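Asks: Given the coordinates of chain A, assemble chain B onto it according to the supplied hints.
Top to bottom, those sequences are chains A and B.
Count the first sequence with full-length UniProt numbering and you get residues 1 to 299, in order.
Count the second sequence with full-length UniProt numbering and you get residues 1 to 299, in order.
Rather than coming from a laboratory, the hints here were simulated on the basis of the structure.
These numbers were taken from a predicted model, which means no experiment stands behind them.
We put the CB at the ideal spot given by N, CA and C, even for glycine.
Be a bit skeptical, because a hint or two may be false.
[Said to hold, decoys possible] Once the Cα atoms are required to be at most 25 Å apart in a straight line, the calculated DSS-like pairs of lysine-lysine come out as: (1) A:Lys143 with B:Lys204; (2) B:Lys22 with B:Lys142; (3) B:Lys292 with B:Lys165; (4) A:Lys22 with A:Lys143; (5) B:Lys292 with B:Lys142; (6) B:Lys143 with A:Lys204.
[Claimed, not checked] Here are a few chain A residues that face chain B, going by a calculated C-beta distance under 10 Å: (7) Ala77; (8) Leu189; (9) Pro190.
[As the list claims (entries may be wrong)] Covered, in the sense of this in silico footprint (three residues per stretch, anywhere, with C-beta under 8 Å from a C-beta of chain B), are these stretches of chain A: (10) 174-186; (11) 219-226; (12) 261-268.
There are 2 protein chains.
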Amino acid sequence: MFNKIVIFGVGLIGGSFALALKNAGAVKHVVGIGRTSASLERAKALGIIDEIGASIPDALKGADLVLIATPVAQTEAILASIQAHLEPGTIVTDAGSTKADVVAAARAAMGEKIAQFIPAHPIAGRESNGPGAAIPDLYQGKKVVLTPLTENSSGDLERVMFAWKLCGAVIHRLSAEEHDRVFAAVSHLPHLLAYALVDDIARKPHAELLFQFAASGFRDFTRIAGSSPEMWRDISMANQTALLAELDAYITQLNGIRALLAAQNGPGLEAVYANAQRARQNWMSSIEAAEKARKEGGD
Amino acid sequence: MFNKIVIFGVGLIGGSFALALKNAGAVKHVVGIGRTSASLERAKALGIIDEIGASIPDALKGADLVLIATPVAQTEAILASIQAHLEPGTIVTDAGSTKADVVAAARAAMGEKIAQFIPAHPIAGRESNGPGAAIPDLYQGKKVVLTPLTENSSGDLERVMFAWKLCGAVIHRLSAEEHDRVFAAVSHLPHLLAYALVDDIARKPHAELLFQFAASGFRDFTRIAGSSPEMWRDISMANQTALLAELDAYITQLNGIRALLAAQNGPGLEAVYANAQRARQNWMSSIEAAEKARKEGGD
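The shape of chain A in the complex, shown without the other chains (with noise of 0.2 Å):
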């Protein structure tokens, strides 16, 4: 059980853990903290949260938990700002989407009280954003990767993946460089991927006559062009080393293509679909077994 769980940025993903721990029965009090006044309103009309925190201090004062779910940018910012306020029994997670600058933004930010901050990341998202697509079980299944510091203690870890598990997680562990290098590889450079070929596309002197006759096969692929390119620059940046790498291999894989396909190799690029046909069919079952056991676990 949490007293009271403090949240920066009522949206989505801060939004829906509020909602899952109050379904569970699992949270007194949730404060909410963010940069429009509207969005509180509307996550405090909503049941998302109980009280709009009017300071900082206040907000902070027998805090059980607090959740930094803002924009990935912001996390330094409000880590300086909560540090000298908090309380040696409050812990601090996030939801950021890159691990190893956050965690270099936290011990910048947090001095002695590194120990209190145990950076997480939660593998959920969905096509809108806002205190209005919070929905309670939005973790029911989800990936939540914590990349703990060395300073962090076990009972505090156990708090964080309590809190997780409640919302229907299931907790991973890795180091912030594994997770970068991880996610770097199978989400960000996709995203790149995306959004490099729409733009591409779209700049083309005939764009409109392309898009006339783009598909259901495009229109998936490039699905993750659709979102937020604030966010995804942030990112980006953030994860620039790890990115780099994914990005220069990938490119270096398309000029071996490029090479089978120039000189008619029809066996040689056959044999390159045909491996990752296979190794999409493995991981697509693989999820669904795992899938049907965590739903016969009842977990």
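Replies: Leaving out everything else, chain B in the frame of chain A:
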């Protein structure tokens, strides 16, 4: 009304064409020809075809329309096998995903009967394949691109358009070269890029860890990498020139984005992402508007 239609390849594409025309009461007799007797028996049992063609001369006797709906690499051999038996009143059309190569194959195989061949490409597909996947409304609201030859008569063209309209399709006309350039950009390149990404990840030493954290964005981005490797090898090879041009443009685009990222040029990166997001939103809105107009028009 068609008295007799002959379909080469009674799978998803050919089978759905037959079912749609049967549903419309627009065909008396459908003859199927294929490589495996199992597929043909299945198609007959499902009511897709009325007769399994015993021989090409028999099948073509009195046929109004021949549809070639096999993998595109077989088109030339099929045209060569039917050429001598084709009656003057029979129209031949196809459903291949590439058109300049099909036109070249037709010119080589059809000789003085080339006017009877009308190249076409229905833009429709499903995850599944074979006669069991065929459905009568596959083409409802979908585009069919005709790439007519100068030799085609307007009467024959009208007949082919009439058949596709009975299937519920919306007819478009392009030159074969235009068609291939358009689909290289909006279909063939995205397939190649999706295959390339999954193959790239699958060959990394820590592939298992990466796939473990791939989520819904990755799933949609790579959906088309679940497509048939043989089919996409053939399409890539058949449309080599246009696909290489699009791939080169894309690699140039990636190198440009790489430079922005390496220089930590946030505004530059955001401009690319924002342009893509805006273009995709406009495209989605225009699709929805067109779909609404089509439904309201009862077309």
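Asks: Could you run down the list of hints and mark each one as holding or not?
Replies: Structure-based check of all given hints:
1. A:Lys143 with B:Lys204: Holds, because 22 Å separates the two Cα atoms, which is no more than 25 Å.
2. B:Lys22 with B:Lys142: 18 Å, holds
3. B:Lys292 with B:Lys165: 18 Å, holds
4. A:Lys22 with A:Lys143: Answer holds: A:Lys22 to A:Lys143 is near 20 Å, not above 25 Å.
5. B:Lys292 with B:Lys142: 13 Å, holds
6. B:Lys143 with A:Lys204: Since the Cα atoms of B:Lys143 and A:Lys204 sit roughly 22 Å apart, the hinted pair holds (cutoff 25 Å).
7. Ala77: Interface hint status for A:Ala77: violated (17 Å vs cutoff 10 Å).
8. Leu189: 7 Å, holds
9. Pro190: With a closest approach of 5 Å, the A:Pro190 hint holds.
10. 174-186: The restraint on the region 174-186 of chain A holds, since 5 of its residues have a Cβ under 8 Å from chain B and three suffice.
11. 219-226: Held - the region 219-226 of chain A has 8 residues with a Cβ nearer than 8 Å to chain B, which meets the minimum of three.
12. 261-268: With 4 residues close enough to chain B, the hint holds.
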